[in-house]
Amino acid sequence: MTETRPLLEARQVFKGFFGNPVLKGVDIALHPGRVHALLGENGAGKSTLINLLSGALQPDSGTILVDGRPVGRFSPAAARAAGIAVVQQELSLTADLSIAENIGLGAFPRRFGLIDYAALQKGVGEVCAMVGLTEPLDMPVADLSLGRRQMVEIAKALFRKPRVLILDEPTSSLSAHEAGILARLIGTLRDRGTALLYISHRLNEVQALCAHVTVLKDGGVTADQSLAGIDGEGLVRLMVGRETGDLFPPRSVNVSGATRISVEKFSAGLMREIGFSARAGEIVGIGGLVGQGQEDLLLGLYGAIPARADHAEVSGLPRLPAHVGEANAAGIVYVPADRKHEGLVLPHSIAVNLILPSLGRLARRGFRDRAAEAGLIADLARRLTIKGDVARPVQALSGGNQQKVALAKWLPLDPSILLLNDPTRGVDIETKREIYLMLRAFATEGRLVILASSDTPELVHLCDRVVVLREGRVAARLSGAAISEEAIVGAAMGIHEQGEAA
Amino acid sequence: MKAVKAVFRNPSLLTFLLVALVWLVASLTLRGFGAYGHLRYLLELAAVIGIVAAGQTLVILMGGIDLSVGAVITVTAILLPLISPAADPTGLVGIVLALALATGIGLLNGAGAAYLRVPPIIMTLAMATFLQGLLVIVAGGSAVTVSNPAVILLGQARPLGIPAGILLWIVVSIVVLLIIHRMPLGARFLALGANPLAARLSGVSVARNTLLLYALSGFFAGLAGILVLGMNRQGYVGIGDPYLLMSIAAVVLGGTSILGGRGTYAGTIPGAILLVTTTALITVVNASPGWRSIMFGSLILALLLISGREARR
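If you read the sequences in order, they're chains A and B.
Each residue of the first sequence is one higher than the one before, counting from 1 in full-length UniProt numbering.
Each residue of the second sequence is one higher than the one before, counting from 1 in full-length UniProt numbering.
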């Protein structure tokens, strides 16, 4: 077989931050017409490697080769010139600009020094059609849901007609339908000879789309091989070095406790007069396509957005909490989906983030009790296996560890209701498993866990009951054996509207 | 080498060293600069800026800004003589009333920012304009002379040879440093400044803390107004104007991020001293007032660029 020459290649690259080596001699070669998967747990060095390949960072040693030629000083501009485009996990769109302007930003077609809007419209129309964006092109990105924004982000990369396309967890905020479009698109690009690098925690996607895999573990390459003949189990073995069987903890025998949440005709944000109730000791899943009101349901119950209900009893309160402080006092806590913007104070230390909700409780005579705080922080870090110095800024942590901090900070409040919004998005398998175990333990301890999730297997295997939302209303209530991927997806898409009472 | 790097990563310490260096060089080259009396005078001037900047530091840490501090100083300086009851021989009642007034103005700023969602930059600027108009109506164009004994004592007394204003500044510094570093309040301000949304979802009340902060800023501006009045013995329209830019410059010179969430009052203290020293040095240069203003403005900009660059690390 004649080996094609790689379009983009890294040879023995090393990179460290503040003396911590992140990449320790990594090789990767992206060939035209091949979808290359990059796997690894959070903190394995995937993001750093992408940054090196796109010129955002310089390697400490080792070389980056474009078309087989080493490049001396690689920069984002040089990478763009070489036809390398990256779809970042963190969206890089400007909310106030339109879809077309966002896609064209930095590569506007010009005429007499002005933006040629006609040419822009045409070029943008083509890439939007490729990714299935049907919204008007002059619509501001701020009006789009997270999933649609991700499609704009992909269209933006395509607009530059890349030879190398790097996709960093592109499906984490996409609905099943959008993910399907993306899969077909990847096939088209591959057949045209584009070299693709695909990063995802969803192994079935990797299996379906990719031909070759590089596995990173602790900054080194543990596998660099063809995916032919490797099944899902094999993939996980490559990543974690053990079997998958125990990803989800066993369901405990259902010990329904007292009713903790009971609302009738509840409205908040997108939610339209729904009824909802849940008991202590349950894990209740909230499913549905992206942006059907899941977040508004949680925020309304948390007192963070205006909400009303004909009748409400939440954690002993005879009404909905009026503000977050009241919710916290009643033992209700919330872990947001967007941990970087809503969950954590990124530039502040791990310790400060862990202690934030407990500051008032730990203070003595108005002053902070440093010894008590240090004790609590050490205890939380140990319980959640958050490794390393807690004085580091929380943004230095990997996504999974950040999520653990966002969850851990609530434990000192001994919450009776945990509202979790997609807690495992962008989290590696190992941390996912830890979080699942923790949630099951919460339920066993008699707490109520409400879990909104975009990951259907999670709803099926972890939850005692699942409520599927569609356009602000309840599309189905599933429990016990009725919970299946088919039932959830079907209800979410509006196929079986009738739900059985739980 | 490590120690040098540590200094460069600590903006407060860096500003302190810069002040020490300027003082040392100026003392050796300029006759009379290093005299005890002169340095004490510089610190006395810095005390006013430092006290205004105490409130400004807190507000900026939370991601806001208070553009009404100059006007609050003027209001306090002009109204205090008018509201001090003659029946009170100590003058303390007048001081308490003036501070309550200043705090109330701050509270209004906070209410506008917290409940009406007016951006603080607009709210406090509008408040400043409103107050200036009010003063012209109340005081006309004339200066008001103070006879309140407590205020005069604050401006003129020197227990153990140290001006009372400097002692007041030391007390304010201790209180503010305790608030920022030793009280839950300080940690909440910083969290709100760095990420208001995450702080709110973590149970930190935005409204309550905003009210509190602007009230504190009003209080400290009022305190500075009383000190200025005592030092000048006269209050007039415009007396507080220079302190607005000075207070913000002192905060930023001390390494506090103007965007909020990062910094400390420990940097503002040398920042204030550096500002008055710079002013004093420019005065020594034989130039017309116009050129002096231009030099002062350029120097502030240059200093901010240097300290800002370090703070970004």
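Among these hints, one or two may not hold up.
Computed from the model, here is a short list of chain A residues facing chain B with C-beta under 7 Å [said to hold, decoys possible]:
#1 Ile230
#2 Leu344
#3 Val345
#4 Ala363
#5 Arg368
#6 Ala372
Listed next, with one range per pair, are the computed distances between beta-carbon atoms [said to hold, decoys possible]:
#7 Asp218(A) <-> Ser298(B): 39 to 45 Å
#8 Trp291(B) <-> Pro76(A): 42 to 48 Å
#9 Val285(B) <-> Phe112(A): 35 to 41 Å
#10 Leu116(B) <-> Ser145(A): 49 to 55 Å
#11 Phe367(A) <-> Leu125(B): 31 to 37 Å
#12 Phe367(A) <-> Val284(B): 54 to 60 Å
#13 Gly34(B) <-> Gln395(A): 57 to 63 Å
FYI, nobody ran anything at the bench for these hints, they're computed from the structure.
Cβ coordinates follow ideal geometry from the N, Cα and C atoms, glycine included.
Here is how each hint holds up against the structure:
no.: 1; hint: Ile230; verdict: 40 Å, violated
no.: 2; hint: Leu344; verdict: 6 Å, holds
no.: 3; hint: Val345; verdict: 5 Å, holds
no.: 4; hint: Ala363; verdict: 5 Å, holds
no.: 5; hint: Arg368; verdict: 6 Å, holds
no.: 6; hint: Ala372; verdict: 12 Å, violated
no.: 7; hint: Asp218(A) <-> Ser298(B): 39 to 45 Å; verdict: 52 Å, violated
no.: 8; hint: Trp291(B) <-> Pro76(A): 42 to 48 Å; verdict: 45 Å, holds
no.: 9; hint: Val285(B) <-> Phe112(A): 35 to 41 Å; verdict: 51 Å, violated
no.: 10; hint: Leu116(B) <-> Ser145(A): 49 to 55 Å; verdict: 30 Å, violated
no.: 11; hint: Phe367(A) <-> Leu125(B): 31 to 37 Å; verdict: 35 Å, holds
no.: 12; hint: Phe367(A) <-> Val284(B): 54 to 60 Å; verdict: 45 Å, violated
no.: 13; hint: Gly34(B) <-> Gln395(A): 57 to 63 Å; verdict: 46 Å, violated
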